[in-house]
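Line order of the protein sequences matches chains A and B.
For the first sequence, the working numbering gives the first residue as 16, with consecutive numbering after it.
For the second sequence, the working numbering gives the first residue as 3, with consecutive numbering after it.
Hint data in this document are derived by calculation from the structure and do not stem from the laboratory.
All C-beta atoms in this analysis are idealised placements derived from N, C-alpha and C, irrespective of residue type, glycine included.
Warning: the hint list may mix true and false statements.
[Claimed, not checked] DSSO-like cross-link-like pairs, simulated, lysine-lysine; straight-line CA separation at most 27 Å: (1) 140/A <-> 502/B; (2) 115/A <-> 431/B; (3) 194/A <-> 24/A; (4) 208/A <-> 194/A; (5) 218/A <-> 187/A; (6) 218/A <-> 193/A; (7) 209/A <-> 193/A; (8) 140/A <-> 431/B; (9) 84/A <-> 24/A.
[What the hints assert, rightly or not] Part of the chain A face toward chain B, derived, beta carbon under 8 Å: (10) 62; (11) 78; (12) 79; (13) 82; (14) 83; (15) 88; (16) 89; (17) 92; (18) 97; (19) 100; (20) 103; (21) 108; (22) 109; (23) 227.
[Unchecked claim] Sample of chain B residues lacking proximity to chain A, with all beta carbon distances greater than 10 Å (derived): (24) 17; (25) 79; (26) 89; (27) 247; (28) 277; (29) 292; (30) 307; (31) 420; (32) 457.
What follows is the residue order along each chain.
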Amino acid sequence: MLKLNFSLKESYLTISTNISLEPDKIYAVVGPSGAGKSTFLNLISGFASISSGSIIWNGKEISNLPPAKRNVSILFQDNNLFPHLSVWRNLALAVTHWPKISRDNEEKLKAVMSEVGILGLENRKPSQLSGGQQSRVALARVLLQKNKILLLDEPFSALGPSLKDQMLELIKKIAKNKKLLVLMVTHEPADAKKVASQTLVVKDKKVHPPLSTEKALDPINGPLADYLLNQ
Amino acid sequence: MAKRTFSIISNCILLFAVFGPLFVLIFHADQNFIFTAADKAALEFTLLQAALSSLLSVLLAWPLALALSRRQFKGRQLLIVALSVPFILPVIVAVLGLLSIFGHSGILNSLLQFFGFPILSVYGLAGVLLAHIFFNIPLATRAFLLALERRPTELERVADGLNLVSLTRFWILDWPIIRFVAPQIFSLIFVLCLTSFAVVLILGGGPKATTIELAIYQSFRFELDFGRAAFLAFIQLCIAAFTCTLSILIFGLPTNFNSGFDRPMRKRYLSVWSFFWDFGVIILLGLFLTVPLISVLIKGIQNFYLLENTIWIPIINSIILALCSALISTILAMGFMNRWGEVVGTLSIAVSPIIIGAGLFLMVRNITNPFEITFWVTLTVNSVMGLPFSIRIMRPASNEIISNFRRLSHAHAMSPYAWFYWVYLPRLKGALTYSMGLVAALSMGDLGVIVLFGGADFETLPLVIYQLMSAYRTEQAMASAVILVSISIGIFLIFDRIGKTRNA
Chain A
16 MLKLNFSLKE SYLTISTNIS LEPDKIYAVV GPSGAGKSTF LNLISGFASI SSGSIIWNGK
76 EISNLPPAKR NVSILFQDNN LFPHLSVWRN LALAVTHWPK ISRDNEEKLK AVMSEVGILG
136 LENRKPSQLS GGQQSRVALA RVLLQKNKIL LLDEPFSALG PSLKDQMLEL IKKIAKNKKL
196 LVLMVTHEPA DAKKVASQTL VVKDKKVHPP LSTEKALDPI NGPLADYLLN Q
Chain B
3 MAKRTFSIIS NCILLFAVFG PLFVLIFHAD QNFIFTAADK AALEFTLLQA ALSSLLSVLL
63 AWPLALALSR RQFKGRQLLI VALSVPFILP VIVAVLGLLS IFGHSGILNS LLQFFGFPIL
123 SVYGLAGVLL AHIFFNIPLA TRAFLLALER RPTELERVAD GLNLVSLTRF WILDWPIIRF
183 VAPQIFSLIF VLCLTSFAVV LILGGGPKAT TIELAIYQSF RFELDFGRAA FLAFIQLCIA
243 AFTCTLSILI FGLPTNFNSG FDRPMRKRYL SVWSFFWDFG VIILLGLFLT VPLISVLIKG
303 IQNFYLLENT IWIPIINSII LALCSALIST ILAMGFMNRW GEVVGTLSIA VSPIIIGAGL
363 FLMVRNITNP FEITFWVTLT VNSVMGLPFS IRIMRPASNE IISNFRRLSH AHAMSPYAWF
423 YWVYLPRLKG ALTYSMGLVA ALSMGDLGVI VLFGGADFET LPLVIYQLMS AYRTEQAMAS
483 AVILVSISIG IFLIFDRIGK TRNA
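Work the whole structure out from these sequences, hints included.
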């Protein structure tokens with residue numbers, strides 16, 4: 016259970032929330048641009064700090080911990096991979112910072128690579144991969160970190176529709192197998208409907224409690240009707 | 003936190019290397035010092051030549067930049083790249099080149115003599131100005147070009163649409179750029195010329211053409227009057243620091259002039275008259291900037307047979323010195339990757355190598371014979387002199403790495419060492435090698451503090467060339483100059499190549 020009860024008061028943005036999220040569910044995060052969706056994810060992952068309140072994961076307060084200790088992984092819109100390092104090294108950094116990689120770790124890497132379908136790309140640089148492959152490598156990286164909360168800050172927004180669908184399917188499958196709590200920011204109601212039964216609406220300086228995705232994205236009576244109409 | 007510690011260490015080293023000598027100098031300054039007529043003349047000449055050099059450079063650079071920006075011709079790109087060569091060109095090589103054209107037995111005077119005109123002397127103010135504009139026209143041209151290329155094309159289209167011509171066009175389109183860039187570049191060149199040493203050492207001198215910098219050197223080396231030298235150094239420092247601070251306060255920190263020039267050219271309709279004017283400017287200034295060098299190259303290569311075996315020792319000395327100062331300067335610069343570093347970097351242009359050298363001399367005098375540790379003194383001074391360039395080159399790259407990859411590295415829970423090894427260093431490689439190449443080339447060709455200390459024990463290649471020139475062995479000097487310039491540019495290009503190879 017992830018209990019979020021905090022507020023952020025900065026000159027550029029004010030946002031507050033008081034919600035509880037199930038540990039093995041996928042939630043879409045939807046709202047107008049500039050409402051604070053990315054900031055919301057940054058606050059949970061620790062790349063921004065809350066002004067007051069708490070973030071509690073399975074009974075443990077995590078809001079004072081550095082990003083790497085929060086049991087949270089995040090995929091950004093870009094810069095998810097180090098462009099000068101090979102796929103293999105990018106992934107290895109998730110398990111060790113030493114140049115030498117142990118036999119154990121090698122096996123872990125191979126297992127995750129086959130899970131996301133990128134075996135054989137070990138020696139490529141990110142620039143030598145297609146957009147879809149890059150997303151898969153980035154996903155493999157966060158899977159290696161073995162965190163139970165996965166935050167997706169529109170990492171697939173640059174992909175074409177069919178590649179994006181593949182990635183969403185993959186996320187859905189993996190989240191189910193590993194019982195991950197996933198928060199996925201998206202601008203596409205269709206994407207939200209594909210993977211998330213529940214949706215968090217970010218609007219009017221608040222992250223609102225989860226609604227069923229159908230309800231949240233109802234284009235006529237839903238809370239985001241204005242936004243969806245103008246999109 | 004390792005980064006912070008490192009930053010503090012670099013700052014301390016710089017403080018020790020710059021302010022230590024300065025403090026000692028001020029401490030040594032003769033309080034009963036009388037400002038003689040000669041000192042007054044030196045002060046006046048210093049300011050006069052610096053002001054004239056900057057003014058002439060800016061005035062000549064503008065038409066060249068304008069011509070290059072609006073004409074498309076074969077070799078244009080090459081010419082623009084060539085404009086960055088003088089920056090790493092050893093001063094003594096350029097001076098040799100200028101002398102071979104404008105000197106007593108140079109081409110120009112031979113022509114004048116042939117037609118029965120009196121011979122022109124290149125020594126004194128004329129020579130100093132000639133050399134300074136030779137070095138600074140390219141710098142100013144690049145600055146103007148960059149501003150011109152950044153000007154939105156739409157502005158020109160609007161001007162074309164309004165059918166703006168000549169004076170109005172100049173007023174609307176060009177004047178804002180000049181007004182913005184010219185003062186910046188003027189003050190930069192002014193400070194560079196204020197502390198210019200090698201040019202004045204060779205082409206200046208005598209009661210009429212001595213700068214403070216040269217006077218410091220003379221009272222140090224020949225009169226052994228340390229009190230006077232220290233006092234003069236103090237004056238020099240005050241002027242340079244004042245000018246530097248003033249220009250930072252008024253114009254802000256100077257911008258980088260290193261960006262590329264690859265904007266596609268737009269077809270424009272210009273008058274025939276301006277066609278001749280533009281190409282006249284390009285050809286005349288192009289000749290002025292290239293002929294002296296070509297002349298040195300030709301004469302030098304012709305005289306290779308005059309070189310003695312002993313030339314190897316200064317060559318190796320110079321290379322070791324260049325590589326070591328490049329390394330030290332670049333490593334130190336990594337501790338200055340913040341706004342404070344930029345300020346320090348700019349201000350340290352005001353501190354001339356002779357002043358630091360003189361201060362170091364007085365510092366170590368009581369411990370050891372300064373002439374026995376020439377290498378270490380020269381290394382210290384050259385590293386400090388390279389620091390502003392290293393900082394300027396690496397800071398933008400460093401900021402970019404931090405803004406792009408800091409979050410990802412935090413997500414990986416990287417320790418400062420892992421971050422440095424896996425991310426920072428490999429990403430910084432390009433800027434790092436560029437900085438090393440530049441400082442190595444500058445240090446290779448430097449004829450500054452080495453003149454103050456250099457002796458039989460430790461000689462660099464530029465010093466040997468200077469000695470050959472002083473002994474009127476011009477042919478041999480030119481042959482050595484060819485070697486010097488090849489190594490300087492060679493080192494720069496090798497580092498450039500290393501920086502561009504992809505990581506394995």
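Okay, the hints, checked on the actual structure:
no., hint, verdict
1, 140/A <-> 502/B, "holds, 16 Å"
2, 115/A <-> 431/B, "holds, 22 Å"
3, 194/A <-> 24/A, "violated, 33 Å"
4, 208/A <-> 194/A, "holds, 19 Å"
5, 218/A <-> 187/A, "holds, 26 Å"
6, 218/A <-> 193/A, "violated, 31 Å"
7, 209/A <-> 193/A, "holds, 19 Å"
8, 140/A <-> 431/B, "holds, 17 Å"
9, 84/A <-> 24/A, "holds, 24 Å"
10, 62, "holds, 6 Å"
11, 78, "violated, 15 Å"
12, 79, "violated, 15 Å"
13, 82, "holds, 5 Å"
14, 83, "holds, 3 Å"
15, 88, "holds, 7 Å"
16, 89, "holds, 6 Å"
17, 92, "violated, 11 Å"
18, 97, "holds, 6 Å"
19, 100, "holds, 7 Å"
20, 103, "violated, 13 Å"
21, 108, "holds, 5 Å"
22, 109, "holds, 6 Å"
23, 227, "violated, 31 Å"
24, 17, "holds, 33 Å"
25, 79, "holds, 27 Å"
26, 89, "holds, 29 Å"
27, 247, "holds, 33 Å"
28, 277, "holds, 44 Å"
29, 292, "holds, 39 Å"
30, 307, "holds, 49 Å"
31, 420, "violated, 4 Å"
32, 457, "holds, 47 Å"
Consistency note: the structure conflicts with the earlier hints numbered 3, 6, 11, 12, 17, 20, 23, 31.
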